[in-house]
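Once you have looked at the hints, place chain B on chain A.
Order-wise, the sequence lines are chains A and B. Residue 66 in numbering that gives the first Met the number 0 sits at position 67 of the first sequence, and the numbers go up by one each step. Residue 112 in numbering that gives the first Met the number 0 sits at position 113 of the second sequence, and the numbers go up by one each step.
Some hints could be false.
[Unchecked claim] Within a straight-line C-alpha distance of at most 27 Å, the following computed DSSO-like cross-link-like pairs (lysine-lysine) qualify:
| hint | chain 1 | residue 1 | chain 2 | residue 2 |
| --- | --- | --- | --- | --- |
| 1 | B | 46 | A | 163 |
| 2 | A | 41 | B | 26 |
| 3 | A | 39 | B | 91 |
| 4 | A | 163 | A | 285 |
| 5 | A | 39 | A | 54 |
| 6 | B | 152 | A | 39 |
| 7 | A | 280 | A | 255 |
| 8 | A | 90 | A | 255 |
| 9 | A | 41 | B | 91 |
| 10 | A | 41 | B | 8 |
| 11 | A | 46 | B | 8 |
| 12 | A | 46 | B | 152 |
| 13 | A | 237 | A | 285 |
| 14 | A | 54 | B | 46 |
| 15 | A | 39 | A | 163 |
| 16 | A | 163 | A | 46 |
| 17 | A | 39 | B | 8 |
| 18 | A | 46 | B | 91 |
| 19 | A | 236 | A | 90 |
| 20 | B | 91 | A | 54 |
| 21 | A | 163 | A | 60 |
| 22 | A | 60 | A | 237 |
| 23 | A | 90 | A | 46 |
| 24 | A | 54 | B | 152 |
[Claimed, not checked] Derived coverage of chain B by chain A (criterion: at least 3 residues anywhere in the stretch with Cβ under 8 Å from a Cβ of chain A; other residues may be distant):
| hint | region |
| --- | --- |
| 25 | 9–15 |
| 26 | 41–54 |
| 27 | 83–89 |
| 28 | 92–104 |
| 29 | 150–160 |
None of these hints come from the bench; they were simulated from the model. Note that the Cβ used here is the ideal one computed from N, Cα and C, for glycine as well.
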Amino acid sequence: MIIPEFEYVSPQSVQEACALLVQYGDSARVLAGGSDLLVKMKDGLMKPAYLVSLKNLDSLKAIRYETGTGVIIGARATHNEVMNNRLLQEKYRSVCEAAHSMAADQIRNIGTVGGNLVNAVPSADLPPILIALDARARIVGSSGERTIALEDFFLGPGKTVLEKGEILAAIIIPDQPTTGSNYIKFGLRRAGALAVAGVASSVTVSDGTCRDVRVVLGAVAPTPMRARQAENVLRGKKISRELIDETGRIAAAESKPISDIRGSIEYRRNLVNVLTRRSLKAAIEKGHI
Amino acid sequence: MGTAIKKGKLHVVTLTVNGEEHAVLVKANTTLLDLLREEFDYTGTKKGCELGDCGACTVLMDDRPVNSCLVLAVEADGHSFTTIEGVEQGGKLDRLQEEFINQAAVQCGYCSPGMILSGKALLMRNPHPTEREVREAIGGNLCRCTGYVRIVKAILAAAEANS
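Bound conformation, chain A alone:
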């Protein structure tokens, strides 16, 4: 299996990388871990003339806390680095668990958070939990930097808001009153399986009342989607089993799945119903974010 020839460049700074991406335009792709990109190139689905490698940009790799900003996850952090990161384990263990649910050890040592997001595959495992935690995307371009809600980052399968010359630099999880969060994925195997459906939720609970909630669905719409109608069922209410059941039903109804090799529309809707209930229960009971 041959990777079509290309020119490899490894800039020394983010600015240089952005400048190269502007210069090369559509003929260039960013190389982070390569676990998606190289497969697409081998399959002949992509034939970039240039690969701009982020290998030397260690500034994009750190996972750290910044007072007033929150937890910053560098886009080049690998899934295993996320999974094993102490700061994330303490503050947002659900993100570590979502990273753990992906692929297998070999891929988790290569694949990056940024790659998982920029590829914009509808079944990606990190977007639902990150959106549930109100994450922001820090985007760097040749003319400066912008930060947007991760929820607004995805436009469709394989499509994001990234403009020519822009790089996803980091994901920011802001400080929040959230009391619990959770991501549940249903795959056909425990390892190396894409999500047939995935549901992430975050809740802010006090005195048995759901003060705030986010429910985010993966693999059941062209992009990760907030189940806003379902959230409205629960938000502000006293939590009860009946209400959670109703939230699951509404989430299933507002999901927009397709039938494909991994599951039918009906099956996926049913999964959304079940997984939403389970995810919410876990977020409410588990007591970690």
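Relative to the frame of chain A, chain B by itself:
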């Protein structure tokens, strides 16, 4: 396109393989898998699906398992690798390799190098894994003949020998 694209240009890569440092010239589209097999003759690194699904090409990169089919040789610069040929020490098989033999965990043998390296990486970071942890560690390595029972047993037996 107006600009000339310098395809086929060679890049200098410095890497350590099985304890030996090498400086080699590679083309941008050469995978680490092909570099290991064709340049260094470490053909114990098997070529399977070439898409990161089967794990036959598993090598350790800085002690962590990776699919060498999905790492560009040029990106291997500055890293240290262990292939199956680097697991034995001084002509003596590693305990894990011995246990693969003792437990008859090998049938056709194609997955064995990757299985052993994934098992080795697990035992290096977690000397006493549970069966569940062993199964998870080899989750990215497919065996199409024996099933996984004896492979799991072999890794657990090697862990037992650690204590």
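Going through the hints against the structure:
1. The straight-line distance between the Cα atoms of residue 46(B) and residue 163(A) is roughly 36 Å, outside the 27 Å bound, and the hint therefore fails.
2. The suggested pairing of residue 41(A) with residue 26(B) holds, with an alpha-carbon distance near 16 Å, which does not exceed 27 Å.
3. Proposed proximity of residue 39(A) and residue 91(B) is contradicted: the alpha carbons are some 41 Å apart, above 27 Å.
4. Between residue 163(A) and residue 285(A) the CA atoms are separated by roughly 42 Å; this puts the pair beyond 27 Å, and the hint is violated.
5. In summary, the hint linking residue 39(A) to residue 54(A) is supported, as the alpha carbons are separated by about 19 Å, within the 27 Å threshold.
6. Proposed proximity of residue 152(B) and residue 39(A) is contradicted: the alpha carbons are some 36 Å apart, above 27 Å.
7. Using a Cα cut-off of 27 Å, the hinted pair residue 280(A) and residue 255(A) holds, with the two alpha carbons roughly 23 Å apart.
8. A distance of roughly 32 Å separates the Cα atoms of residue 90(A) and residue 255(A); the hinted pair therefore is violated under the 27 Å criterion.
9. For the suggested pair residue 41(A) and residue 91(B), the alpha carbons sit about 38 Å apart, so the restraint of at most 27 Å is broken.
10. Under the criterion of a C-alpha separation no larger than 27 Å, the hint pairing residue 41(A) with residue 8(B) is consistent with the structure, at around 19 Å.
11. For the given pair, residue 46(A) sits about 17 Å from residue 8(B) by alpha-carbon distance, which is consistent with the 27 Å threshold.
12. Simply put, residue 46(A) and residue 152(B) have alpha-carbon atoms about 44 Å apart, too far for the 27 Å limit, and the pair is violated.
13. For the hint linking residue 237(A) to residue 285(A), the alpha-carbon distance of about 18 Å falls within 27 Å, and the restraint holds.
14. Distance restraint check for residue 54(A) and residue 46(B): the Cα-Cα separation of roughly 25 Å lies within the 27 Å cut-off, and the hinted pair is therefore satisfied.
15. The straight-line distance between the Cα atoms of residue 39(A) and residue 163(A) is roughly 20 Å, inside the 27 Å bound, and the hint therefore holds.
16. Distance restraint check for residue 163(A) and residue 46(A): the Cα-Cα separation of roughly 17 Å lies within the 27 Å cut-off, and the hinted pair is therefore satisfied.
17. Taking the CA atoms of residue 39(A) and residue 8(B), the gap is near 22 Å; set against the 27 Å cutoff, the hint holds.
18. Between residue 46(A) and residue 91(B) the CA atoms are separated by roughly 46 Å; this puts the pair beyond 27 Å, and the hint is violated.
19. Using a Cα cut-off of 27 Å, the hinted pair residue 236(A) and residue 90(A) holds, with the two alpha carbons roughly 26 Å apart.
20. Of the supplied pair hints, the one linking residue 91(B) and residue 54(A) is violated, its CA atoms being roughly 36 Å apart against a limit of 27 Å.
21. Among the hinted pairs, residue 163(A) with residue 60(A) is consistent with the structure: their alpha-carbon atoms are about 22 Å apart, no more than 27 Å.
22. With a CA separation close to 42 Å, the supplied pair residue 60(A) and residue 237(A) exceeds the 27 Å bound.
23. For the proposed pair residue 90(A) and residue 46(A), the alpha carbon gap of about 40 Å is over 27 Å, so the pair is violated.
24. Of the supplied pair hints, the one linking residue 54(A) and residue 152(B) is violated, its CA atoms being roughly 38 Å apart against a limit of 27 Å.
25. Counting residues of the region 9–15 of chain B whose C-beta sits closer than 8 Å to any C-beta of chain A gives 1, which falls short of three, so the coverage hint is violated.
26. Judged by the Cβ-Cβ criterion of 8 Å, the region 41–54 of chain B is covered by chain A as claimed, because 5 of its residues qualify and three suffice.
27. Closer than 8 Å: that is the beta-carbon criterion, and the region 83–89 of chain B has 0 residues meeting it against chain A, so the requirement of 3 is violated.
28. Counting residues of the region 92–104 of chain B whose beta carbon lies closer than 8 Å to any beta carbon of chain A gives 0, which falls short of the minimum of three for the stated coverage.
29. By the rule of at least three residues with a Cβ nearer than 8 Å to a Cβ of chain A, the coverage given for the region 150–160 of chain B is violated, with 0 such residues.
In summary, the numbered hints that this structure violates are 1, 3, 4, 6, 8, 9, 12, 18, 20, 22, 23, 24, 25, 27, 28 and 29.
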